[in-house]
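Protein chains in written order, with my numbering: chain F, 1 to 437; chain X, 438 to 778; chain Z, 779 to 1125.
In case anyone wonders, no lab produced these hints; they're calculated from the structure.
Think of the CB as a built atom: it goes at the ideal place given N, C-alpha and C, for glycine as much as any other residue.
Check the hints yourself; a few may be wrong.
Capping the alpha-carbon separation at 35 Å, the derived lysine-lysine pairs in DSBU-like fashion look like this [what the hints assert, rightly or not]:
| id | chain 1 | residue 1 | chain 2 | residue 2 |
| --- | --- | --- | --- | --- |
| 1 | X | LYS464 | Z | LYS1021 |
| 2 | X | LYS632 | X | LYS464 |
| 3 | X | LYS567 | X | LYS778 |
| 4 | X | LYS464 | Z | LYS804 |
| 5 | Z | LYS860 | F | LYS411 |
| 6 | X | LYS650 | Z | LYS804 |
| 7 | X | LYS464 | Z | LYS805 |
| 8 | Z | LYS923 | Z | LYS805 |
| 9 | Z | LYS805 | Z | LYS860 |
| 10 | X | LYS674 | Z | LYS804 |
| 11 | X | LYS722 | X | LYS567 |
| 12 | X | LYS498 | Z | LYS860 |
| 13 | X | LYS674 | Z | LYS923 |
| 14 | Z | LYS780 | X | LYS498 |
| 15 | X | LYS567 | X | LYS464 |
| 16 | X | LYS464 | Z | LYS780 |
| 17 | X | LYS567 | F | LYS411 |
| 18 | X | LYS498 | X | LYS567 |
| 19 | X | LYS464 | X | LYS498 |
| 20 | Z | LYS780 | X | LYS674 |
| 21 | X | LYS498 | Z | LYS923 |
| 22 | Z | LYS860 | Z | LYS780 |
| 23 | Z | LYS780 | Z | LYS923 |
| 24 | Z | LYS804 | Z | LYS918 |
| 25 | Z | LYS918 | Z | LYS805 |
| 26 | Z | LYS804 | X | LYS498 |
| 27 | F | LYS173 | X | LYS498 |
| 28 | X | LYS722 | X | LYS498 |
| 29 | X | LYS498 | Z | LYS805 |
| 30 | F | LYS411 | X | LYS650 |
| 31 | Z | LYS780 | X | LYS650 |
| 32 | Z | LYS805 | Z | LYS1021 |
| 33 | Z | LYS918 | X | LYS498 |
Covered by chain F, according to a simulated footprint, are these stretches of chain Z (three or more residues, beta-carbon under 8 Å) [unchecked claim]:
| id | stretch |
| --- | --- |
| 34 | 827 to 834 |
| 35 | 884 to 894 |
| 36 | 1050 to 1064 |
Here are the simulated distance ranges between beta carbons [said to hold, decoys possible]:
| id | chain 1 | residue 1 | chain 2 | residue 2 | range |
| --- | --- | --- | --- | --- | --- |
| 37 | F | ARG412 | X | ALA618 | 28 to 38 Å |
| 38 | F | SER59 | X | THR588 | 36 to 46 Å |
| 39 | F | PRO78 | X | GLU577 | 35 to 45 Å |
| 40 | F | VAL146 | Z | SER882 | 45 to 55 Å |
Chain by chain, the residues run as shown.
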Amino acid sequence: MRIGWFTPFSSRSAIARFSRAVVGELSKIANVEICHFSNDDLQQTTVPVLHFSSAAAVSENVFSRYDLVVYNFGNHLPFHGEIYLLSRRLPGICILHDFVMHHFFAEHLLEHLNSPGTYSLVMERLYGEAGRISPEARIWESDEVVQYPMFEEVIRGALGVVTHSLFFAERVKEAFGGPTRRIALAYDAPQEVAMKRGELGVADDDILIVTVGHANPNKRIEDVINALGQIGDSARRVSYAVVGSCPAVYEERLRGVARANALEDRVHFLGHVPDDVLRSYLANADICVNLRFPSFEGASASVIEEMLCGKPVIVNDTGFFSELPDACVARVSLARHGELVTQLRRLVTEPEVRARIGANARQFANSEFRPSRYAAEILDFAWEARSAFPLLRLADQVAVELNRMGVTRGKRIVDELATGMNQLFCAEKSGTPLWRI
Amino acid sequence: MRIAVLNNCVPFLRGGAEHLAEALTLKLAEYGHSAVLVRVPFRWHPSRHVGEHMLACRLMKLPNIDRAIALKFPAYYVPQANKVVWLLHQFRQAYDLLGTAEGLSENSEGRETREMVVQADNSYLPEARKIFANSHITAERLNRYNHLQATVLYPPLLRHDHFTCAEYGDYVLVPGRINEAKRQRLIVEAVHHCKSNVKVVVAGSPERLEDAKTIRSLIGNDDRVLFINRFISEDEKVELFSHALACAYLPYDEDSYGYVTLESYFSKKPVITCTDSGGIGLLVKDEITGLVVPPDPLRLALAMDRLFDDKVRARRMGEAGCELVESMNITWDHVIESLTK
Amino acid sequence: MKIVIATSITPFVEGGSTYIVDWLGKKLEACGHEVDILRFPFSEDHAEVLQQLLAFRLLDLSEHGDRLISIRWPSHLLRHPKKVVWFIHHYRSAYDLWGTEYQSIPNTPEGIALRDAVIAADNVGLCEAYRVFCNSSVVKDRLEKFNSVDAEVLYPPLLSPELFYSAGSGDYLLYLGRLTRHKRQWLAIESLRLTTSRVRLVIAGQPEPGSEFYAEELQGLVTRNGLESRVEILARWIPEDEKRSLFANCLAVVYFPLDEDSYGYISLEACAASKPLLTTTDAGGVNELIIDGANGFVTPPDPELIAHGMDDLYNDRDAAREMGEAGQERIAELGINWARVLQRLLS
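Full structure from sequences and hints, please.
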């Protein structure tokens, strides 16, 4: 199969790293080319790479090179904007890296197209009455944005959709009538020699607890500090490193919480650090804390990395994290107060527990998140998506005609047609109505 | 050109539109084209079938065809790059018949269907390179409901050179299918009030048995009315017209003028019709090419008597009618040229 | 009874699948039934097939007529409570031609999905039918193998077989039929080249639209082999009278299209005209009508062997005539008549 793999390919992009790893494996079992619009320093690869200046610059000839195209989507407009525009012209398989795509569309519709009217139209089309929210409300800056993820807009007309968590796949199925699959995210941990504790300024006998990434309120750092304040004397040996940028006001607040718990010299805010420093913190950590509530991502690359490093990670029970096996993580429910305290105390005071969970985590991650596994699964899914194409194309054709007749979703004729088409063409009555308007 | 004539159909039912579709197909071949008549079955009861048949038409393909000439709903939805519409019928149940017994019901299903039909007409009819209509009434309705312009193109008879005028005899001919809407009973009632010796010949097959019964009971024992209760052949029809005094054609509110009117004029016979007969008003000019009276048996009797008593006038009107038809270019030359340009 | 006959057509193309419909209509009317025939244009382009199948499915004929007789594929998808399918013309690309050089659907996941959808739809249309008939054993076997449908073979008769006659054994073999490659008139010329007798060959038929070059090819084949005095090619429409006369005066009929479902009207006309028919083992449905040595010869598709058959016919006119007369018996044996057709379709 000839596949065109559209992705950001900048060395700065995590999705680019993912693509490089997966396509490297995929090229052993299919003919793949990387197609990108990046102008930065690029990832290194031996797979053929095609650069385009814009979606408009991709000609019909290019389409005919491939039996199938794959589009990688994330919430960041600069990396994915041209890919989105191209996907409007040529249906392909969409890999959704982020659950929330609202920021992407806000920027695209409001800043690039300067069209608040279109933003409102799309919101209403996707979410009905509830979607009637003014752009001025800037809903994407609040937690409520998870109610209006807008990923539905990206996948309109797609050949198929890939997500990296089951919860996301279920949400996609509600909005999309075509083939959908969840594939465990592939991760390619860079092999580096980590710096030693001394270089990082961490004492050898400290219990190093690490939370990585941009400090968002949804990472529940406040809860972690409060919980540490309740685990008793063992907190004396803890060093909690928050590794990643943190808005000044929020940091002030968190420092206040630390002071209230008498932990001001145990909690350290490192701000943004270079990658090798971040990796070194991970390598040296005893415990990782990776809470997300509510969850914005389609899967979490950070927890995969932490597990690949063989660390016990404290996670909560939402989204992607709830799909990780119990034996490989230290799970807490944020609804049940006190679980975080219990888990922290146990991990801080019992090195065997840390070791056991960490080992399980590494074993699981090595197998589950391998790029070769992802490649095999996505090739299999490509076959499935291509097989669905003739009937999907007919469904789209019918949808276009019904639209022209003024028929909208929810009308009786729509369901009757979907049922009729299924009965006529699907021998095994596989059930999913091929329906999209 | 290779042409498909698109019409809808109800199996086993053949009316004016079916005859026109067949005539058009034959004529296209006469003029050197390859023509095929495509009849799309249409079911509209219960109303949920309407949308399905509309969609079926949208999904059809016409291989080997250079041009399509579409006549009726929903056949005129079939996609073709070079489509011309000669509108005989929209789905009137969704338009002017809405709210009447024949129209779509007032329930939610009926309303949904109506919206679909209107939207679809608005969306798909403009795909045609040109829209013609068979009468000014049809064109006017299209304009009023869908804001679309149609050029009127009158349907000619399949042939007319075989009609003759042997004499202006003593009977008024009432030809055509016998049913409520055609109102043959009005003429039969009128005869009872006639003062002259004018007779009436009703010739045609009834749509239902009751229709024949009605006529027969109205005639009673009156021997001034001859009831030929069967389908009459073309030859018989020509003969009947040839020896008639005049022709009476007075349907209720029909869109088009009716072939009977043309047949009468080619036989040089005046036409008696009513003020509420509809499109026929285009061709029957009161006192010039015939007589237009209110739908009242007394007035109809008067009209028949007048013609019987003044055959010279009857002849003048008949000839004027013939001239009128000829001046309106209701010919196949004109039709074929318009539809294949 | 009121009977609707439904079929698919390619506009302006006439042939076996249009005659069967016209003739069935005539015969039903002659028996006093009221008939309405619906002929739906249909494109066999695989990219357009699915949407048209759906269109057929959406048309509802259940309120019309006491019976629906659907003939050419995919008219069996129409809905009616008393639907009788007289199945002709499988979409063979999705069936037995899949995996061969004649497969017209691309061998891709999309193509496979299309093929599966066609088969699924066929199963739906056939399984709900009141009765399923087909026009040959070839088709019956295929319906059983691919669609698990048990169809009854109902051979299509000629409209007026009594108009065909024999006027004695002439000296030419007659190859009638549309001029197109898969009818294999070229094989008849190749074989004639190897005959030892002076037997002649008359090839007559309308060139198929899009295959006009084929008629030239045939002529070229004749010229290159110096057979001008023995082969005559009439590349045009043959009117009925002329056709019957050609049959009447021929020695025998030659007909070996490649792998056709039905025996074809030509072979039936040969039997009606009391002429033996020379065909090959790979001609398809013809082999249900022609029994080797009884009413004709059936040889492997090898020019030398066919040439033997041609010579045998020429050299022994009496035997040829006897075989020809057996043709009528064969028709009776197989029950190829309208009374039977009507009785079965209306049962």
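Contradicted hints - numbers only
As far as the earlier hints go, 2, 13, 28, 30, 36, 39 are violated by this structure, in ascending order.
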